[in-house]
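**Q** Here are the chains, one letter per residue:
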Amino acid sequence: MNDYSLTKLTLKQLIDGLEKKQFTISEVIGQYFDKINEQNKKYNIYLTINKQAESNALARVNKPLKGIPIAVKDNFLTQGIRTTASSKVLDNFIPAFHSTVTKRLIKNGGTIIGKTNMDAWAHGSSTETSDYGPTINPLNTEYSPGGSSGGSAAAISAELAPIAIGTETAGSIRVPASWNGIVGFKPTYGRVSRYGVVAMASSTDSPGPMSRTVEDSAFLLNYMAGYDPLDATSHPSPIPDYTSFLNKDIKDIKIGILYSDIKELKSIQKQMQQAYKVFERLGAKVEETKAMDPHIAIAVYTAIQRAEVSSNLARFHGIRMGNDRSYFGQEAKKRILVGIHTLLKDSKIYKLAQQVRVRFIQDFENLFEKYDVLIAPTSPGYALKIGESKKNPIFGELVDMLEEPSAIAGLPGISIPCYHDKKTNLYLGLNIIGPKFREDLIIQVADAYEKATSWNRWRK
Amino acid sequence: MCCMIKNTNSDEFTKYINKLAYISNLKLSDKDIGYLVKTLENALDILKNLEKVDVKGIPETVNPSSLQNVFRQDVIDTKNMFTVDEALSNAKRTYKYYFVISSINKDKS
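Sequence lines, in order, name chains A and B.
Take the first sequence: its letter number 284 is residue 284 in our numbering, and every next letter is one higher.
Take the second sequence: its letter number 50 is residue 50 in our numbering, and every next letter is one higher.
Worth flagging that the hints you see were computed from the coordinates, not collected in a lab.
Do not rely on the hints blindly, as some may be mistaken.
Unchecked claim - Part of the chain B face toward chain A, derived, beta carbon under 8 Å:
id: 1; residue: D32
id: 2; residue: I33
id: 3; residue: V37
id: 4; residue: A43
id: 5; residue: I46
id: 6; residue: I58
id: 7; residue: N63
id: 8; residue: R72
id: 9; residue: V75
id: 10; residue: I76
id: 11; residue: F99
id: 12; residue: S103
id: 13; residue: I104
id: 14; residue: N105
id: 15; residue: K106
These numbers were taken from a predicted model, which means no experiment stands behind them.
Ideal Cβ positions, reconstructed from N, Cα and C, are used throughout, including at glycine.
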């Protein structure tokens, strides 16, 4: 029987153990490879494995990340490693350069262990639009892992990676994190470079860490975030050491609870109210508040995201890379057509959507004059069963409806586990939203909650 | 107002979908069209919600970043250049230093 003891450790525990020479990076990578060989077929998490991972890691042991393996969503360009965005259009695409994020992680000692499954082009919230088949939720194999970063979330949940990276336009990091009982951190738009990420919706795409603990996300964000001259929307402000905001109290922090009156959340209200009470126990000032209706945000997101998709996917025609446009799946075709519709000269949809988007931005600005952070459920419920997404043409929009308002406003947010259903073995996620560039505050609040509760299975 | 299509259950709507596909350089099968008629109808319904919001006097934005007019120096960045081989490495058809594309101008002679 294989020894998988090292795959149980958090990123921080791995780094500490490597520093103290309790084990070697070869042993870490070896255990992960054995486990991936044994379990990847069952869950369909990795589309490509980096066979050079061990030699890559050995050359990086003296750097801050010590060669630790990182699961990378398959829409980050990785030099010399196949990158498909889970679409057969890019079936054989081997990028000639790295995304800024993967370049920074490698420079600081990270090792790409493999590329993870996702919804094709990140279009979806279940990984079921992947041209390589859906990923299965390791917590309960009848259920979807969520998406679009479902492979990265499942990699952590199944302990086939200690940490992962994903991308989010509206919910694609946080919802799969919630459905897999892990931590998913979507930074402010512009905080982490989009350069070299297969673009979905350019005005909201945000890469971020997915991890076992808040501490691990804070640690990895230190090596992902910061100004990048290759991304014109990258913000030039300096970044702090995000780990310095761990282990702080949240006494007197003002917290607003959002969306308690939304009918779709009725079935999880009891569990969420319990979660909210924890903040009161920790000394925060917590109260219900009102925000603009997330159903309207679905319309804004539908218009803007489709418009940007139709523009971004115009560059895939099989000339410079990949296969021709006949390889697009139905979901991509649908989004392209809706996008073209919203952009037609005589259609006023795009302009109107951008005005309503400003209303959402203003609404959050007003809320943050009164509150330090806002909290809400991450998803309207637990993970849904595989196959559910095909029953509803706007499945993704409904699943992601609680992220869409803050995502179109470019705000940062984290999802952390806040309830476990013993019957199904599934989790609920708590979404903590902060003002622009206040990742520090989100880490402080999320870390305090995580340490005051027992929902995080790696802290037990 | 904003969604233009009056009757989605019509030949006119199917024609409109084909027009959008032509603009997008996508070829649609009969199966695609059946699926798209159903799903586009749904998307158009959602978009109608935009009309519920009062946007009088509200400016539009293009992204939530507060950055404006981001420029760079107009100089060659030698650190971020491809060799010709790298640039052509994923192309299916190449000739010398070029990508090869299908002719888009039909010979009318």
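**Q** Each hint: holds or not?
**A** Each hint tested on the structure:
no.	hint	verdict
1	D32	holds (6 Å)
2	I33	violated (10 Å)
3	V37	violated (11 Å)
4	A43	holds (5 Å)
5	I46	holds (5 Å)
6	I58	holds (5 Å)
7	N63	holds (4 Å)
8	R72	holds (7 Å)
9	V75	violated (12 Å)
10	I76	violated (14 Å)
11	F99	holds (5 Å)
12	S103	violated (13 Å)
13	I104	violated (11 Å)
14	N105	violated (16 Å)
15	K106	violated (19 Å)
Violated hints, in rising order: 2, 3, 9, 10, 12, 13, 14 and 15; the structure is consistent with all others.
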